[in-house]
Amino acid sequence: MSLLHRIQHADDMFNWHGDMPTEGRYTVGIAGEKFFREIKDNGKFLATVCLDCDITYMPPRLYCEQCFAQLDEWLEVDPLGHVHTFTVVHHNLDEELLPDPQIIAFITLDDTDGGLVHYLGEVEADEVYLGMPVEAVFKSEDEREGSITDIEYFRPV
Amino acid sequence: MKEFVYDSVYLRREDFEEGRVLFETWDPNARYAWDAGVAISRYLQELRAGRLIGRSCPECNRVLIPPRMFCESCFYPTDRWVPLEDTGTVLTFSRCYVTWDMVKLEKPQIPAVVEIDGASQGMGIMHMLGEVDPDTVAIGMRVGAVWKPPEERVGSVNDIAYFRPLED
Chain C
1 MSLLHRIQHA
11 DDMFNWHGDM
21 PTEGRYTVGI
31 AGEKFFREIK
41 DNGKFLATVC
51 LDCDITYMPP
61 RLYCEQCFAQ
71 LDEWLEVDPL
81 GHVHTFTVVH
91 HNLDEELLPD
101 PQIIAFITLD
111 DTDGGLVHYL
121 GEVEADEVYL
131 GMPVEAVFKS
141 EDEREGSITD
151 IEYFRPV
Chain H
1 MKEFVYDSVY
11 LRREDFEEGR
21 VLFETWDPNA
31 RYAWDAGVAI
41 SRYLQELRAG
51 RLIGRSCPEC
61 NRVLIPPRMF
71 CESCFYPTDR
81 WVPLEDTGTV
91 LTFSRCYVTW
101 DMVKLEKPQI
111 PAVVEIDGAS
121 QGMGIMHMLG
131 EVDPDTVAIG
141 MRVGAVWKPP
151 EERVGSVNDI
161 AYFRPLED
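Protein chains in written order, with my numbering: chain C, 1 to 157; chain H, 1 to 168.
Please note that the accuracy of each hint is not assured.
[To be verified] Stretches of chain H that chain C covers, calculated by requiring three or more beta carbons in the stretch to come under 8 Å of a beta carbon on chain C:
id	region
1	20 to 28
2	33 to 47
[What the hints assert, rightly or not] Simulated DEER-style distance windows between Cβ atoms:
id	chain 1	residue 1	chain 2	residue 2	range
3	H	S94	C	S147	57 to 65 Å
4	H	R13	C	S147	15 to 23 Å
5	H	T92	C	E152	37 to 45 Å
6	H	S94	C	V137	55 to 63 Å
7	H	P111	C	E122	58 to 66 Å
8	H	Y97	C	E73	50 to 58 Å
9	C	E122	H	E17	32 to 40 Å
10	C	M13	H	G50	41 to 49 Å
11	H	K107	C	P101	18 to 26 Å
Simulated from the structure, these hints should not be mistaken for lab results.
C-beta: ideal position from N, C-alpha, C; glycine also.
Based on the provided sequences and hints, a complete structural model is requested.
This is how it looks when you write it as structure tokens:
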């Protein structure tokens, strides 16, 4: 294509603006339903256990990922854990600067083989270290709606 | 190994509204801007001015609408702007009794591909037909563009309101 075809004025150029309205609903599933109901109603964590493989699944799974057995052994787990890894987030999804940086961590829960990704609170970013013991802080019962955000954040013990 | 099959459950609107099932909603911000490029930018400008324009290929002499900067048949760069009529012939059409978001229509919408006069055979644009009895629409029907008033045109293919049958 030659130079003659080049657009000489920005006004000659069209940009087509559009939007793709897509709203999705993700149901939490059979195991998730039990897990989140327990958080909502009692403020407690549930895990499933595979006795053959000696694995405690957190969040709970319906089947064992090692031996594919169906899991119907449910276990209550204390809301205590340790920081496995963490990061400090300064921008939101639209790249706007957050007024206060958020600390997001993967927290392994004690006596399980899994954990949860969640916020850390009541702690400064430079005080966080790997292996720090933390506990879950739940919202009050009337504010809980059966979602992962029913946990406000994890805070140092 | 123990075999286990879960009952399949059909969830209804009430199950969500009455809180019988837990769920997360996801509403991504999917706004975008698409750069129309050299050929389509000129095409949209001409639409705003109430004209249709095509591009011709020096190799096969076809006149292409919507215009493009190269011929997809011989891969030659197109080299000439060709003003076209705003009339044409129905190449294919459909009668739609549901809108894109699944609302039932009593009076059908009639999308059609209109082969534009002055462009090569098979070269047309997709648009809506209007002012026409759905039962009398036929392939080969002669139609002409109904333009929106100039102050409402924005440089879009919707600057043509619809195509209607030509009175012979």
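Worksheet item: Which earlier hints can't be squared with this structure?
Response: 3, 5, 10, 11
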